[in-house]
Amino acid sequence: MKVSHKWLKNYIDLEAEPEEVKEKLTMLGLEVESVEYLGEKYKNFYVGEVLEVMKHPNADKLTVCKVNVGKDTLQIICGAPNVAVGQKVPVALVGAVIPRNQHDPEGKPFVLTRAKIRGVESYGMICSEYELALGDDKEGIMVLEPDAIVGQPLAEYFGLDDVVYDVSITPNRPDCLSHIGIARELAVAFGLKLKKPEVKLAESSKKVFEFASVEIIDTVNCPRYAARVVLNVKVEPSPKWLQNYLKSVGLRPINNIVDITNFVLYEVGHPLHAFDYDKLAGHKIVVKCAEEGEVFITLDGKARTLRRDTLMICDAEKPVAIAGVMGGLNSEITERTRNVLIESAYFNPISIRRTSKYLGLSTDASYRFERGADPNAVIWAVNRAAQLMAEIAGGEVLEGVIDVYPIKIEPKIINLRFSRLNSIIGIEIPKGEVIKILEGLELEILKLDENGLTVKVPTFRPDLEREIDLIEEVARVYGYDKIPDKMSSIVHFSTDKIKTDFHELIRERLIGAGFKEVVTNSMLDEDRARIFGDNFVKVLNPLSREMSALRTSLIPSALDVVRHNFGYGIKNLKFFEIGKVFRVSFDEDEKPKFVDNYIEEERLLILMTGLAEPISYDVKERNFDIYDLKGEVEKLFRAVFLENYQFIYYSNNSEISEFELGVEIGGKYAGRLMKVSEALLKKFDLEADVYIAEIDFDLIRENSKIEERHYSEIPKFPSVYRDLAFVIDESVSVGDVEKAIRESAGDVLKSIRLFDIYRGEKIGEGKKSVAFSLEILSPEKTLTDEEVNSLIQKVVKYVEQKLDAKLRSY
Amino acid sequence: MINQIEEVKAKFLEELQTLKDEKELEEFRVKYLGRRGIIQSLFDKLKEIPREEKPTVGKILNELKELAQEKFNEKKKEIEAKKEKVKISLDLTIPGRFKYTGRKHPLTQTLEEIKKIFVSMGFEVASGPEIEDDYHNFEALNIPPEHPARDMQDTFFIKENIILRTHTSPVQIRVMKSKQPPVRIIAPGRVYRNEAISARSYCLFHQVEGLYVDEGVSFAELKGTLLAFAKQMFGSSVKLRFRPSFFPFTEPSAEVDVSCFICGGKGCKVCKYGGWLEILGCGMVDPNVFKFVGYDSERYTGYAFGMGVERIAMLKYGIDDIRLFYENDFRFLEQF
Ligand SMILES: [Zn+2]
Chain A
1 MKVSHKWLKN YIDLEAEPEE VKEKLTMLGL EVESVEYLGE KYKNFYVGEV
51 LEVMKHPNAD KLTVCKVNVG KDTLQIICGA PNVAVGQKVP VALVGAVIPR
101 NQHDPEGKPF VLTRAKIRGV ESYGMICSEY ELALGDDKEG IMVLEPDAIV
151 GQPLAEYFGL DDVVYDVSIT PNRPDCLSHI GIARELAVAF GLKLKKPEVK
201 LAESSKKVFE FASVEIIDTV NCPRYAARVV LNVKVEPSPK WLQNYLKSVG
251 LRPINNIVDI TNFVLYEVGH PLHAFDYDKL AGHKIVVKCA EEGEVFITLD
301 GKARTLRRDT LMICDAEKPV AIAGVMGGLN SEITERTRNV LIESAYFNPI
351 SIRRTSKYLG LSTDASYRFE RGADPNAVIW AVNRAAQLMA EIAGGEVLEG
401 VIDVYPIKIE PKIINLRFSR LNSIIGIEIP KGEVIKILEG LELEILKLDE
451 NGLTVKVPTF RPDLEREIDL IEEVARVYGY DKIPDKMSSI VHFSTDKIKT
501 DFHELIRERL IGAGFKEVVT NSMLDEDRAR IFGDNFVKVL NPLSREMSAL
551 RTSLIPSALD VVRHNFGYGI KNLKFFEIGK VFRVSFDEDE KPKFVDNYIE
601 EERLLILMTG LAEPISYDVK ERNFDIYDLK GEVEKLFRAV FLENYQFIYY
651 SNNSEISEFE LGVEIGGKYA GRLMKVSEAL LKKFDLEADV YIAEIDFDLI
701 RENSKIEERH YSEIPKFPSV YRDLAFVIDE SVSVGDVEKA IRESAGDVLK
751 SIRLFDIYRG EKIGEGKKSV AFSLEILSPE KTLTDEEVNS LIQKVVKYVE
801 QKLDAKLRSY
Chain B
1 MINQIEEVKA KFLEELQTLK DEKELEEFRV KYLGRRGIIQ SLFDKLKEIP
51 REEKPTVGKI LNELKELAQE KFNEKKKEIE AKKEKVKISL DLTIPGRFKY
101 TGRKHPLTQT LEEIKKIFVS MGFEVASGPE IEDDYHNFEA LNIPPEHPAR
151 DMQDTFFIKE NIILRTHTSP VQIRVMKSKQ PPVRIIAPGR VYRNEAISAR
201 SYCLFHQVEG LYVDEGVSFA ELKGTLLAFA KQMFGSSVKL RFRPSFFPFT
251 EPSAEVDVSC FICGGKGCKV CKYGGWLEIL GCGMVDPNVF KFVGYDSERY
301 TGYAFGMGVE RIAMLKYGID DIRLFYENDF RFLEQF
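Line order of the protein sequences matches chains A and B. Just so we're aligned, residue 1 is where the first sequence starts under full-length UniProt numbering, counting upward by one. Just so we're aligned, residue 1 is where the second sequence starts under full-length UniProt numbering, counting upward by one.
Please keep in mind that the hints were generated in silico from the structure rather than gathered at the bench. You may find that some hints are simply not true.
[As the list claims (entries may be wrong)] Quick list of in silico lysine-lysine cross-link-like pairs, DSS-like style, CA-CA up to 30 Å:
| hint | chain 1 | residue 1 | chain 2 | residue 2 |
| --- | --- | --- | --- | --- |
| 1 | B | Lys159 | A | Lys357 |
| 2 | B | Lys9 | A | Lys486 |
| 3 | B | Lys159 | A | Lys538 |
| 4 | B | Lys159 | A | Lys9 |
| 5 | B | Lys116 | B | Lys231 |
| 6 | B | Lys291 | A | Lys456 |
| 7 | B | Lys115 | A | Lys486 |
| 8 | A | Lys2 | B | Lys104 |
| 9 | B | Lys104 | A | Lys620 |
| 10 | A | Lys24 | B | Lys316 |
| 11 | B | Lys82 | A | Lys24 |
| 12 | A | Lys635 | A | Lys571 |
| 13 | B | Lys82 | A | Lys591 |
| 14 | B | Lys104 | B | Lys9 |
| 15 | A | Lys486 | B | Lys177 |
| 16 | B | Lys104 | A | Lys580 |
| 17 | A | Lys705 | B | Lys179 |
| 18 | B | Lys179 | B | Lys9 |
| 19 | A | Lys750 | A | Lys806 |
| 20 | A | Lys591 | B | Lys231 |
Model the full structure from these sequences, guided by the hints.
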């Protein structure tokens, strides 16, 4: 909310500089986001009076003027046709920054200097509206009111000698949405006295009850409705002081009647509405809910469709305003309005909020009502407005206020225990200080003893309901900076066994292996989500179509990362992400951990594309392939002591992969490794060989034996190595051979490593040679040559028979 | 004697072949050709043999000496030549063999730092879902339906009462519902806000939530704990400023600024010449929240805090556009 420094001064003797006020407000919890010095741009501008106008000796269109600017009389050359003796004019002195240059096509500002124009000195400038950035008129100089005071700073003349704070008011403080509210806070902080304006009304002898009546049908949503009638007002523009106040807080002056209601709104925080009394059928106000689907035209000329729960202000025949939100066009104040009915009511915050949300219409009034206006401010506010209408618009205020208040809203009574206050804050705050703070905030102390006190809370503070609310008030005004920094003397240790940070472990391993970590958006285009299944979660109110679903796979966002980097010529990519995926599940057996029907799982994605190794002097250039990926995955598994995994080799591929292999961990499907299909790449405008592994993170973690590492005796005897090569049919896989070797060699086979694959003439078409190195080790003894040889013979025989293989060499 | 000479000759030639460098060469020379070497010792033995054999044996012995010297010189040249060759081919300016370098994402790095500090103070790490229900995200945190405080966080809806969590605070509720005090946790995680994407805001970001509930926990202790955190995170000379604020689930509440660690509080572009940087929100857990989770608010008090990981990473590394974190440009990632 915008708060005017000048306006505040009506209620407190504020002597502090704006910077100090800013600091104070901020430290009270009323954060000042900016401070605007309105007069800043009219520094060095004054009101002047033209004393003399003479023709310029060397130029037809120019005149030489003598202008009194108070302290001095200056000679100024002027080019305007309308300059005349006796005029009060805005004068810029040498050094002033002219907001807009009339001779510059873009109207850029410039600094005024002393100038010699065609041989005659000029010591200032008489400005046009355009030059002052107050309007578009470039034709002549701006002429001020005849009663303008010569020598007055121009900012002051325009009412711009003010400083405006933009204060961010938290939703719990509706009382601070007004100048009196802010002044009250500053009064407490600076130790000043708050001076609420006294309302003195000269009422006529006509009784208001004979002119109007009010009936509340919906007393739940409208606990109080007060009204006054002011007759014979003259609707016209407001006086300058009123216009200036409204402009300083960002409001547009409309006419004196409407401006007065806005002024009172910004003064005390209570929204008012002025109806054209003569347009109210039966001169009656009825508060009730609308008919479902009813259409109503608001002040802004828009047709609004109402609901059954929309609270309306009606006259005897029709609705005339949406309660607490906006008035209707049909009862608007116009220049022809003669008589006014002023509404000052208190509406249920929830009802107003619901209506404002539903209509998508937030106004100054609804903003305050939905946060909680003061039900007991209605009379003061309506009187204040009536008083101003009498003073400014010459109205006749009828005797009495119509005040329908069926269920009284009483001030709350709250107890505060000093012991509780001190234990929450952590230090003892002197009782005298506590009392001073609470009284400063206009809380009435009903009872006081050594243990605590009892206060009555004014109804403008709906946020104060409980003891803790009072504790906050005391702490806030006392000053958070005066509360010491304590560290508990008792050291708290967790009693749970410390576990490896598994995420960190995986990250460190992959980073060590040359992968960069990425973090991507979990929202994506529905169509892209659908590629990975229909069980994705939709967002009802997405920011855009590109973010209308939650990801069920990390693959799409990873391909976005590829595309982004390709766009900048970065073609060799090796990265990973650990992230959540989401899906809907109605499966009875699958129990979501947190929220019914929604499953969240963490996944690990590894992606590789481009050159397998950076270009170097003795490295053969080679692109990543599936075996690089498979190797990285297995290396990672080994690093985290994951043993119970196996690959599943599919014969068929899927829509998204050119080929792929699955991974099972602990007997459960955990994910897959793949070469991304051209069709999928096309959807991301990519042309490259991209290899991706996506694996369930929880399965890796749950099956890792890292917490169960245990020493087992290292072998006492050396291993024996033997190489074996078999010639086999193309159709036989390396895995088949490996499996056969393992089956036949038994426990003494410690490890097996493929070291060559050969195809060529020597072997024959449709054949390949695969060579393995076998590590043989017995835990019991050093194996003799004979024992090893006989084992090898057994293996060879088995493999040859099982796979129709031929031994190639020893 | 002659046999002995032949034996020495054979051994000499055999051993000569095995020599590899200058050191071995010198040892070999001393052994055979030195003044007390094997060949000299043979000359010494010449005195002991019969006179008539002396000329023959002497001749053979001299031949051996000559041959030995000649062969030795040849070998010496060969070894020296080899050494010369090595000198020419060794170029240590050739770059080392490089592999791709891995990098941890700056958000992860920042998060891990925050986590480590609090874990060292005895906080445990907890987590909760990103798809949350209204109850945990709002209601149990003292934000009833129709409350204006709901406007503080623009929400993505999945369906009625199911949303994408707007903060990590619902984890507080889940943890407190599952155990009795003392509770001392941090909950890092991803949160979502339905806000237009710009350099300053993204539709999602990461938070770290903190919660400590026990007997006798006070606002003063909250201040002390966060100051200790800030000193470890930003440097031991930083100060904190606690400003009163409003969060429905804490009371009293505060927003916390750290003295600008870039300019030292004097004022610069990053702190917008104010000397302070807003880093987190905190406060004492509201008794209403305790009511929701079934804690006795007369017996227990507690504090809670929440901070944005992106915000802290941006300040720490001088990053001026939040979108960079999610673009994953390798030239960006390479810098951390
Ligand atoms: Zn700074």
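Comparing the hints with the structure gives:
Our distance criterion of 30 Å between C-alpha atoms is met by Lys159 (chain B) and Lys357 (chain A), whose separation comes to about 18 Å. Proposed proximity of Lys9 (chain B) and Lys486 (chain A) is contradicted: the alpha carbons are some 91 Å apart, above 30 Å. Restraint check for Lys159 (chain B) and Lys538 (chain A): satisfied, since their Cα atoms lie roughly 9 Å apart, inside the 30 Å limit. For the proposed pair Lys159 (chain B) and Lys9 (chain A), the alpha carbon gap of about 50 Å is over 30 Å, so the pair is violated.
With a C-alpha separation of about 14 Å, the suggested pairing of Lys116 (chain B) with Lys231 (chain B) holds against the 30 Å cut-off. Pair hint Lys291 (chain B) plus Lys456 (chain A) holds up; C-alpha atoms about 25 Å apart against a cutoff of 30 Å. With a CA separation close to 21 Å, the supplied pair Lys115 (chain B) and Lys486 (chain A) stays within the 30 Å bound. The straight-line distance between the Cα atoms of Lys2 (chain A) and Lys104 (chain B) is roughly 45 Å, outside the 30 Å bound, and the hint therefore fails.
Between the alpha carbons of Lys104 (chain B) and Lys620 (chain A) the distance comes to roughly 29 Å, so the proposed pair stays at or under 30 Å and holds. At most 30 Å may separate the alpha-carbon atoms for a hinted pair to count; Lys24 (chain A) and Lys316 (chain B) meet this at roughly 29 Å. For the proposed pair Lys82 (chain B) and Lys24 (chain A), the alpha carbon gap of about 85 Å is over 30 Å, so the pair is violated. For the hint linking Lys635 (chain A) to Lys571 (chain A), the alpha-carbon distance of about 24 Å falls within 30 Å, and the restraint holds.
Distance hint between Lys82 (chain B) and Lys591 (chain A) is unfulfilled; the C-alpha atoms sit about 75 Å from each other, more than 30 Å. Our distance criterion of 30 Å between C-alpha atoms is broken by Lys104 (chain B) and Lys9 (chain B), whose separation comes to about 68 Å. The hinted pair formed by Lys486 (chain A) and Lys177 (chain B) meets the criterion: a straight-line CA distance of about 28 Å does not exceed 30 Å. A distance of roughly 18 Å separates the Cα atoms of Lys104 (chain B) and Lys580 (chain A); the hinted pair therefore holds under the 30 Å criterion.
A threshold of 30 Å between alpha carbons decides the hint, and for Lys705 (chain A) with Lys179 (chain B) the separation of about 29 Å falls inside it, so the pair holds. With a CA separation close to 91 Å, the supplied pair Lys179 (chain B) and Lys9 (chain B) exceeds the 30 Å bound. With a C-alpha separation of about 23 Å, the suggested pair Lys750 (chain A) and Lys806 (chain A) falls inside the 30 Å cut-off, and the hint holds. Proposed proximity of Lys591 (chain A) and Lys231 (chain B) is contradicted: the alpha carbons are some 43 Å apart, above 30 Å.
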